Amino acid sequence: MSRPLRVVVVNGSPRAEGSRTMGLAGLVTDTLADLMPIEVQRVDVYGLGPGFTGAVTRDDVTAEVEAALRAVEAADLLIPAVPVYRGSYPGMFKHLFDLVGQYALANTPVLLVATGGSDRHALVLEHQLRPLFAFFQALTVPVAFYASAGSFDGALVLDPEVYSRVEVGLADVADLLRARLQDG
Amino acid sequence: MAFELGIITFGEVTPDLSTGTTPSPQTRVRETVEQAVLADQVGLDVFGVGEHHRSDFIASSPVPLLAAAAARTERIRLTSAVTVLSSDDPVRVFQDFATLDLISDGRAELIAGRGSYTESFPLFGYSLADYAELFAEKLDLLLAIRGANPVTWSGRHRPPLVAADVAPRPVQDELPIWVGVGGTPSSAVRAGALGLPMALAILLGPVNSHLPTVGYYRQAAAEAGHDPATLPISINTHGYVGRTSQAARDTMFPYFSVGMRENNHQRGRGFDLPRRAFDAQATPGGGLVVGSPQEVIDKIATFAELYGVTRANVQLGFGGVPQREHLAAIELFGSEVAPVLRREVRVPAAAGA
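For the protein sequence lines, the chains are C and F, in the order given.
Going by our numbering, the first sequence opens with residue 1, and the numbers climb by one from there.
Going by our numbering, the second sequence opens with residue 185, and the numbers climb by one from there.
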């Protein structure tokens, strides 16, 4: 492999540090790093500022936001990671994807990550996030990762089943991702 | 009564990770008794042997092992961890433990459980379809035998006893019978309703994840007219004590990971516990009792505070930790961990087992 896999995590949590969502996403990227060389870039949607929140169309965004959008569009692997808000992903997260090019994610591997207050929200992965990336014709992989508040100590995942699920899920897609690197 | 500390073993027969050789059952029996002797010498309160009916364990029959330990120890209490009561005969169980009590001058206890491994059911001709009912009925009989001699009793899964003389009687006025609870709410409710001490098995997960189980236990006890404050609770966890945090984790992890593979299935195949998952369990918020003596003190104190437990039993050798390392951990647990916890953890005066 000539270059590391470009992984872009889109952080839908208002918090950049100490969030459970980023704790789970970090577990996913740490585990993936054991399987292949990766470089991780994170887009914090709540940190993009007025150049993002004030933009109605792609033409309105600042250069910094444009760079973040291009990173999302150019990812070898996209990891959207969200806390459940009002039964779905946060509006700010959707706003980012409202600005992403309609065909820019076609065939891009996508690994869904979500956290919620309880297991009652686990289907947010299937009923909210998966349809969004189906619209983009992205290559959303079958295994997705969800953990609820009781599985954490702060941002640290404690539930051993989550670790096992992440290992099994990433082992499933490892060949696919390695093939992407060789193609590129 | 002071807070009590114990060690438990399943008597695993596991190939040595570095040499690949499997110890003989005879060696493992000798080593198991050796562990009990050292635990007694360093002042630990409890030595427990679990019951597993498989070739990779020596302890299908804990009582003879405990009897051998009894002959070579002075004051440590000796318990099963657990006795799979569902597939056993309560008359025989009582006789065995009463005899152990005589051999040990009143140091015998037992933890009755339904069995998380189920190999013993076909072995003794029981059906797993009767899993819950078998345990309820056999526990009822065991308590009847403990309570009266001669005993008259009848049930569905065993011929009735009519004025049966169940001998010998133990040294202790009342042979301590704990109920092993893994996290099934109904098990905790049963133990509480019967007013029996609860041995809570904790595997992995957040340190506070068993709060609901303890809540069900106390609530059921109170509703049945037992004072929850008088009921002993023990935690039974995996762990290891080393000189330093890193040494403890590095020693325990490879063996624990191998041991867990048997229990940690995903899509039908065994699965090693990732090191980062293990390390997360070793943090103050995780369920494993592993680390330096101070870390182990802190973790057990956390369990004691959260659950009001009166006893902590730690399995220091799971997955085939070599005897040398296992003994080193017992030594540290008894000499450096136990004295501090006995001094620092307040046990409700009434909760004497």
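In short, the hints are calculated from the structure, not lab data.
Keep in mind that this is a model prediction, so the values were computed, not measured.
It is possible that some hints are incorrect.
[Unchecked claim] Partial selection, computed: residues in chain F whose CB lies under 7 angstroms from chain C: (1) Gly204; (2) Pro207; (3) Pro209; (4) Pro458.
[To be verified] Distance ranges between label pairs, derived from CB positions: (5) C/Ser118 - F/Pro334: 31 to 39 angstroms; (6) F/Ala431 - C/Ala104: 29 to 37 angstroms; (7) F/Ala413 - C/Asp98: 37 to 45 angstroms; (8) C/Tyr103 - F/Thr206: 27 to 35 angstroms; (9) F/Arg427 - C/Arg15: 32 to 40 angstroms; (10) C/Gly91 - F/Arg508: 58 to 66 angstroms; (11) C/Gly18 - F/Pro532: 43 to 51 angstroms; (12) F/Pro532 - C/Ser118: 48 to 56 angstroms; (13) C/Arg178 - F/Pro532: 41 to 49 angstroms.
Even glycine gets a Cβ: it sits at the ideal position worked out from N, Cα and C.
Results for each hint:
no.	hint	verdict
1	Gly204	25 angstroms, violated
2	Pro207	28 angstroms, violated
3	Pro209	30 angstroms, violated
4	Pro458	5 angstroms, holds
5	C/Ser118 - F/Pro334: 31 to 39 angstroms	53 angstroms, violated
6	F/Ala431 - C/Ala104: 29 to 37 angstroms	51 angstroms, violated
7	F/Ala413 - C/Asp98: 37 to 45 angstroms	59 angstroms, violated
8	C/Tyr103 - F/Thr206: 27 to 35 angstroms	59 angstroms, violated
9	F/Arg427 - C/Arg15: 32 to 40 angstroms	38 angstroms, holds
10	C/Gly91 - F/Arg508: 58 to 66 angstroms	60 angstroms, holds
11	C/Gly18 - F/Pro532: 43 to 51 angstroms	37 angstroms, violated
12	F/Pro532 - C/Ser118: 48 to 56 angstroms	33 angstroms, violated
13	C/Arg178 - F/Pro532: 41 to 49 angstroms	59 angstroms, violated
Checked against the numbered hints given earlier, the structure breaks hints 1, 2, 3, 5, 6, 7, 8, 11, 12 and 13 and satisfies all the rest.
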